[in-house]
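Student: Based on these hints, arrange chain D on the given structure of chain Y.
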Amino acid sequence: MRPFTYVRAHEVGTALAEAEADSRADFLAGGTTQLDLMKDGVLRPDRLIDITRLPLHGIEERQGALIVGALVTMEELAADPVAGRRLPLVREALLRSASVQLRNMATIGGNLLQRTRCRYFRDPTVAACNKRDRGSGCAAVHGSHRTHAVLGTSEHCIATHASDVAVTLVALDAVVHISGAAGDRKVPLTGFYRTPGDTPDVENDLRPGELIAAVEIPLLPEGARSDYLKVRDRSSYEFALASAAVAVGLGADRRIEWARVGLGGVATVPWRAVEAEAVLTGSPADGEVFASAAAAAVAGAEPRPQNAFKVDLAQRTLVRTLQTVTGAGS
Amino acid sequence: MTTISRPRLIGPGINRVDGPLKVTGRAPYPNDFAYPGMVHAVLVRSTAGAGRITEIDTTAAERSPGVVSVLTHLNAGPLARGPMTPLGVSPPAPLQDDAILHYGQIVAVAVAETFEEATEAAYAVRVGYADEPAVLDLDDPRAKVRTNPWGRDADRGDVPVALAGAEVVVDETYLTVDNTNNPMGPLTTVARWEGDTLVVNNSTQWASLEGAALAAAFGIPEESVHVVAPYVGGGFGAGLRVWQHVVLAALAARVTGRPVKLVLTRPQMFTACGHRPKGRQRVRLGATREGALVAVQHEARTASAVDDDNFEPTASVSATAYACPNVITRDVQARLNVPVPNSMRGPGTATGNYALECAMDELAYRLGMDPLELRLRNDAAVHPPTGLPWSSRAHKECLERGAELFGWSRRTHEPRSMREDGLLVGYGLAAVGYPWFRARCSARATIRRDGTAYVCSAGTEIGNGAYTVLVQLSAEALGLDPGQVTFGLGDSTMPMAPQTGGSSLTGAVGSAAHEACRALVGAFTDLVADDGDSPLRGCTADDVEPADGALRRRDDPAVHESYRDILARHHRPDLSADGESTPLTADELGMAPAGAFGAKYVEVRVDPDLGRIRVARALSVIDGGRIVNEKTARSQIIGGTVGGIGMALFEETVSDPGSGRIANATLGDYIVPVNADIPDMQVEFAGSWDRANPVGTKGIGEIGLVGLAPAIANAVFHATGRRIRSLPITLDQLL
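In order, the protein sequences belong to chains Y and D. Numbering follows my numbering, with no gaps: position 165 of the first sequence is 165. Numbering follows my numbering, with no gaps: position 183 of the second sequence is 183.
Treat the hints with caution; some may be incorrect.
[Stated by the list, open to error] Straight-line Cα separation of at most 25 angstroms, SDA-like style, residue types lysine to any residue; simulated pairs: (1) Y/39 x D/63; (2) Y/39 x D/268; (3) D/22 x D/483; (4) Y/39 x D/59.
Hints listed in this document are in silico derivations from the structure and should not be mistaken for laboratory results.
So here's chain Y without its partners, still in its complex pose (with noise of 0.2 angstroms):
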């Protein structure tokens, strides 16, 4: 590990000052990703630029939405009564989320903006990573990649991203705040995040010196249905496999009035269904539809050996969840 220098920041201001100061500068927050890949060689960066200490802690509800600050933690989010009352599926994802000590130290901020899993991004002796280094290639296609993406690939990467509550917060239609020394801006999530294309290494719309200060989750209407579905290997501390974030509303003829489907453990970035919610929208709430609609989901996907099972368990996890928060169709 090479060594770096370190400040900390006390106001935003000066936070985005010091990064746009030095272009080797990234900032840090809980580190729990981060510190890990500087020990393993993977980011190197000549200057830490601490922003625990910023004014960005509260979680507040304002006009029908949670404005949740960047440097919340994942578990005080999980723990507040308004969002475990109002969107249980993002108490649901986070939960099911890393350990209790991890979502102690992780915040929502640095839960966006967490980096791939993937071994062959993660191990700098491996050369092939467009996403470490542009055009070197990309060793997980002929790999191992079991764990990896079948939605948003490119044959340039297919990194899974592995957040579950940004899977969440895409369906719910979250934006981000954003602040920068050229001003302060706000992004949809779901406008937010960059499928690998042939620039793996851009992940998001951030841009240098950039930082996200906050994240808008609008509230789900009382009365919406949702649940966030996770499956993995085994039964806790793992990424998924495959998941599934959905509300939805549900008229008095059981007809789904409105529907948000988010897919997480199978793309390369948090993953909004569209085509699902589209055939879920005006539907009966049965098998069939739920079916159809996963399908729809997947359609798209481009399966590889190793994971093309991802595309089967995707929708049966699509359809469980769906049968789960209508009550209907098993």
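Tutor: Okay, now just chain D, sitting in the frame of chain Y:
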């Protein structure tokens, strides 16, 4: 063999004598040792899977801050390979030439003032390779193949004729994958030279071998190597060899003239200290319609490294498992460009038993017979190859008691016939046996003026409870309270002991300690033989028995004298005696020495849509001979059960095609069970005092793991109707 009055079969579950030290952080594990001037060594590993090093540039590394030395094959100098062992050859000596035998092979060592500086320097070492195609597949025709590598292939009766005439035949192939031991404590060596003496604090399961191998490496007398390993953070076999990094730490200490600490990183633990090698097994069973086995043919092909002959007898489990007149077992080893494998809890047996017990379940279904009934019908009442009686065997009792405790009778035979809460329910069982192994061992026992005792032997405690049971056995042999006895382990200057492996430690060290304690009793009777003041005057060791800190006459228990009084009157600060235990052969015993037997019963719940498998219950009934300490014994079995669940459902060391690079070499990517995966685990002991060693025990370190994988595979079949013939069984196979 001496006999002693027998304590009860299941000994008291006293707390671990080293528990307080461990939970308060005062037990010194290898990486707790530090010495003035100590520097840190970090390994550089090959990124080629096979071939040669064409160039190695250490210039930048040597200029890196804090660097003291960088070792490569160009400057390491000659090191000799360690000795042959019962577990195979020692690993090749490190850094001796430019040959690359596997991805991850150690090619350089950076030594620096701090761990971080050494790590950074290690990144800076530039190595060029001339790649050659790596041989990675068990069936690659380029792989060197060894037949009958351990001389254990069995031939009994006429299998081809019996199979041809069998009324029912099973012929199936089962695959197992590489598993990695991954003890919690990363293997650590702290090495320093005191003049010509090499002192190492080391994670080892075999301190005596460590001394011999390091002496060989450096061409120094064995007495000049002092291995200290009082506590080791687990092993599961990883500490059974003297690995290259151990030699390199000692070399770095010699080159730098400073104490050197080398701690393997978790990814390095996947290439530097062994693994359970992958294998393929074909099992053919022939039976009558009534379920009597008439033929067993078991063939196994397992992987080893290019320059290695890892001990992994797999097919041979079928030579002794069941009463069957016609048996063939064949083991074949294919040498591949993979890291040197090694014993991992239940080597060979865990995988061999998996294939055999799955095949038995398949046979039961083909016969339409209860799988339990099939096992009972073919029970090996005598040792099948020799016809000798076993030194102890309660296999049937384990199966029957297990069925009763588990509620096996509630099982309905048809696959997919049991459901609860929307989940498929499956019951599975496996019968298990673990081969007997014991080696010669020495110990020394001392009683001090204050009446307390110290007994020692160079065996190692790896979290198994060795200190505790050895204190109990010694206290019993000396007539002391366990609180009055201290046991010393893990030091190569102590009397020679074999490995903590092969489920043999309690039998070996316990028997040696028993003999040493018996000899010590003799030393006391010798001391008072002509002592007119002693009530024991004229007694031999056989005339007295130890009790309550004293020796008392067997013919008149009211006549006794305490150790303290004897020592005080003779002005002796203490009295010591050595003991040695040599296992008897079957011929000498007139019996087949038996390892442990058992029965494993498992209930699984499978989600019919998502394929998720949960083990809901796991029951082990174990015939381990005499159980010295019920609590530590139970811990061994439940620890093994967790390992067995890992082997069945989670663990797989994944290698990259082409290179053999390990693709999941972290504990985040190599999946082991978490608490939420572990069910209620029930353990019961059965059987009787074993007749093959003086303390009556049989080893139980490994049998806890053996049998879980087939029991789970069989339960998954019962639940789903899907017969998965490879491990681990994951949800994608059940979609």
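Student: Hint by hint, which ones does this structure get wrong, listed from lowest number up?
Tutor: none
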